[in-house]
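J.: Given chain G, work out where chain C should sit, using these hints.
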Amino acid sequence: MSNLYYALIVALLASIAFGVIGTFVVTRRISSIAGAIAHSVLGGIGAALYFGFHPMIGAIITAIIAALVIGFVKLYAKQREDTVIGAIWAIGMAIGLLFIANTTGDFQLEDYLFGNIHLISQNDIYVILILDIVIILPAILLFNNILGVCFDSHFSELRGVRVKFIYFMLLIMTALTIVLMVKIVGIIMVIAMLTLPAATAGQFTKRLWSMMLLSMLLSMVFTSTGLLLSDKIKMPGGPTIVIIAGLFYVGSLIYKKVKIKS
Amino acid sequence: MKNNNIIEIKDLDCSYGNNIPVLENVNLTFNELESACIVGPNGGGKTTLLYLILGLLKPSRGSITVFGKPPTEAYGKIGYMPQYVQLDDQFPICVLEVVLMGRLEKNFWGRYSKEDHKIAMDVMKEMSIEHLAQRQFSELSGGQRQRVLIARALTCNPKLLLLDEPTANIDPGMQEQFYEILYKLNQRMSILTVSHDLGFVSDKMNSVICVNKTVQVHPTNKLDGNMIKDVYGYDVNLIRHDYRCDHNHEEEGCNHV
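First to last, the protein sequences are chains G and C.
For the first sequence, the residue numbers in the working numbering are 1 to 262.
For the second sequence, the residue numbers in the working numbering are 1001 to 1257.
Derived by calculation from the structure, the hints in this document are not laboratory data.
Nothing here was measured: the structure is a model prediction, and the numbers come from that model.
One should not assume that every hint holds.
[Unchecked claim] Okay, derived cross-link-like pairs now, DSS-like style, lysine-lysine, Cα gap no bigger than 27 angstroms in a straight line:
1. C:Lys1114 / G:Lys78
2. G:Lys78 / G:Lys164
3. C:Lys1058 / G:Lys206
4. C:Lys1069 / C:Lys1058
5. C:Lys1077 / C:Lys1159
6. C:Lys1184 / C:Lys1204
7. G:Lys257 / G:Lys206
8. C:Lys1058 / G:Lys74
9. G:Lys164 / G:Lys256
10. C:Lys1213 / C:Lys1114
11. C:Lys1213 / C:Lys1125
12. C:Lys1213 / C:Lys1184
13. C:Lys1058 / C:Lys1184
14. G:Lys206 / C:Lys1204
15. C:Lys1125 / G:Lys78
16. C:Lys1204 / G:Lys164
17. G:Lys164 / C:Lys1077
18. C:Lys1118 / C:Lys1058
19. C:Lys1010 / C:Lys1058
20. C:Lys1077 / C:Lys1184
21. C:Lys1010 / C:Lys1213
22. C:Lys1010 / C:Lys1184
23. C:Lys1010 / C:Lys1114
24. C:Lys1125 / G:Lys206
25. G:Lys164 / C:Lys1184
26. C:Lys1125 / C:Lys1069
27. G:Lys261 / G:Lys206
Next up, chain G with everything else stripped away, as it sits in the complex (with noise of 0.2 angstroms):
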């Protein structure tokens, strides 16, 4: 089977954590952590690189230690969070290109910084198909309490609400999304796609569970429409689905602006 039709199949899938995730990101405000997150896992999947483990396995537990490490500064070490923000971006970065520097072997560079559907096999579809579960099973299940902490965090604290425990549990979920589509549109584009369906799902819907349905679906049309149409056109395909997104996005902030004045 073709390495388009796996990359297919794992857009699809990751899609679904994305639309749940994509929405959290959105509307609580932490695309800049999410950005963070994604930069640094190259920290991981240079170390994978180096000392030969699977550039998966590296990327999961730098995003999960990146998350842990913004989400104690946020809540304990009262610094100034967009500095630690952009010292881990840089710092998770710098540690991958190191890595990577002294490592022989035949990978790109680019390919993990822009996404190549060549690095996505079988086995990723697995992979994939488990951590949807482990990201969207917490999101349904406890999804009166997340909705509460996102809306109100005070208030919900004050209800008995576990609110550190919540807020690490999306940040974690967040970091564990980002890894699910690496490999199609890259560590650097990954958060247009955290951020983009959600933005565009929000300008036609009410409430979160409907925005989160709606950004899956969009998701789901953004990656498939944007890999068919670079393999067609010979593009590489994680710009191609970005861009697609991007136009998506600005379109529908154009609809809303005239249909407001209409």
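T.: Relative to chain G, chain C alone:
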């Protein structure tokens, strides 16, 4: 007889990281079914006092008990209404979902039962917002949002209602209506509100708690310009809309300080 002080604060200091106290040597008692308005200049410690009572902050010295327990254990009896401007006004959430949030008790999964839904509907009827149940929170007017947030606080079935700047961004007509609502609620629960709006320390409240690093309590009917000056440290323009000249039947008017 049971002690009916529901809030007791003794010799309390509170400071943030830099050790400069925001509140100093605070002593305060607050009784059952009492109502009071916390006033004072910005940065004077109003919100800090509120957060201490809610258990969101811990004092650096002294003690605070709410219903005879540490504040974090008393949350079941407290209803809290934040300023709605603190909430994300683009958040996709409907009124019913906001009101139900008051039923997010310590059950791990946070599922709502039929009873929770019934309580939410009853409270929304009381606040005359049941027709808004499916509307998006961000589409509502300031006055409507305020009633939604009170409804949410009431679903906790509180014995003490805490409100943070409830009349901010509300037009004057609505404010009057709002104090009527508070007055009614005060028949069955104690009410503590924070306000920056001195003109509306209305006669619906029993007392005024003036906070500017230290705390002083005054009955509302004795509030006058000199007290305000003491608290703020400078003259403020005070307009008492509710001033009644009982002795000589002069027209209701303004008393400028």
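J.: Given the hinted pair C:Lys1010 and C:Lys1213, is their Cα-Cα distance within 27 angstroms?
T.: Distance of about 15 angstroms is within 27 angstroms: holds.
J.: Given the hint that C:Lys1058 pairs with G:Lys74, does the C-alpha gap stay at or below 27 angstroms?
T.: Distance of about 19 angstroms is within 27 angstroms: holds.
J.: Checking one constraint from the list: CA of G:Lys261 to CA of G:Lys206, max 27 angstroms. Satisfied?
T.: 20 angstroms, holds
J.: Starting from C:Lys1058, check that the Cα of G:Lys206 is at most 27 angstroms away, please.
T.: 38 angstroms, violated
J.: Given the proposed pairing of G:Lys164 with C:Lys1077, does the C-alpha separation stay at or below 27 angstroms?
T.: 22 angstroms, holds
J.: Regarding the pair G:Lys164 and G:Lys256, is the alpha-carbon distance no greater than 27 angstroms?
T.: 36 angstroms, violated
J.: Straight-line Cα separation of C:Lys1184 and C:Lys1204 no greater than 27 angstroms?
T.: 10 angstroms, holds
J.: Check whether the Cα positions of C:Lys1118 and C:Lys1058 lie no farther apart than 27 angstroms.
T.: 35 angstroms, violated
J.: Checking one constraint from the list: CA of C:Lys1213 to CA of C:Lys1125, max 27 angstroms. Satisfied?
T.: 40 angstroms, violated
J.: If you draw a straight line from the CA of C:Lys1077 to the CA of C:Lys1184, is it 27 angstroms or shorter?
T.: 18 angstroms, holds
J.: Holds or violated: C:Lys1077 and C:Lys1159, Cα atoms, limit 27 angstroms.
T.: 5 angstroms, holds
J.: Are the Cα atoms of C:Lys1213 and C:Lys1184 separated by 27 angstroms or less?
T.: Cα-Cα ~32 angstroms, so violated.
In summary, the structure is inconsistent with hints 1, 3, 9, 10, 11, 12, 13, 14, 15, 16, 18, 22, 23, 25 and 26 from the numbered list given earlier, while agreeing with the others.
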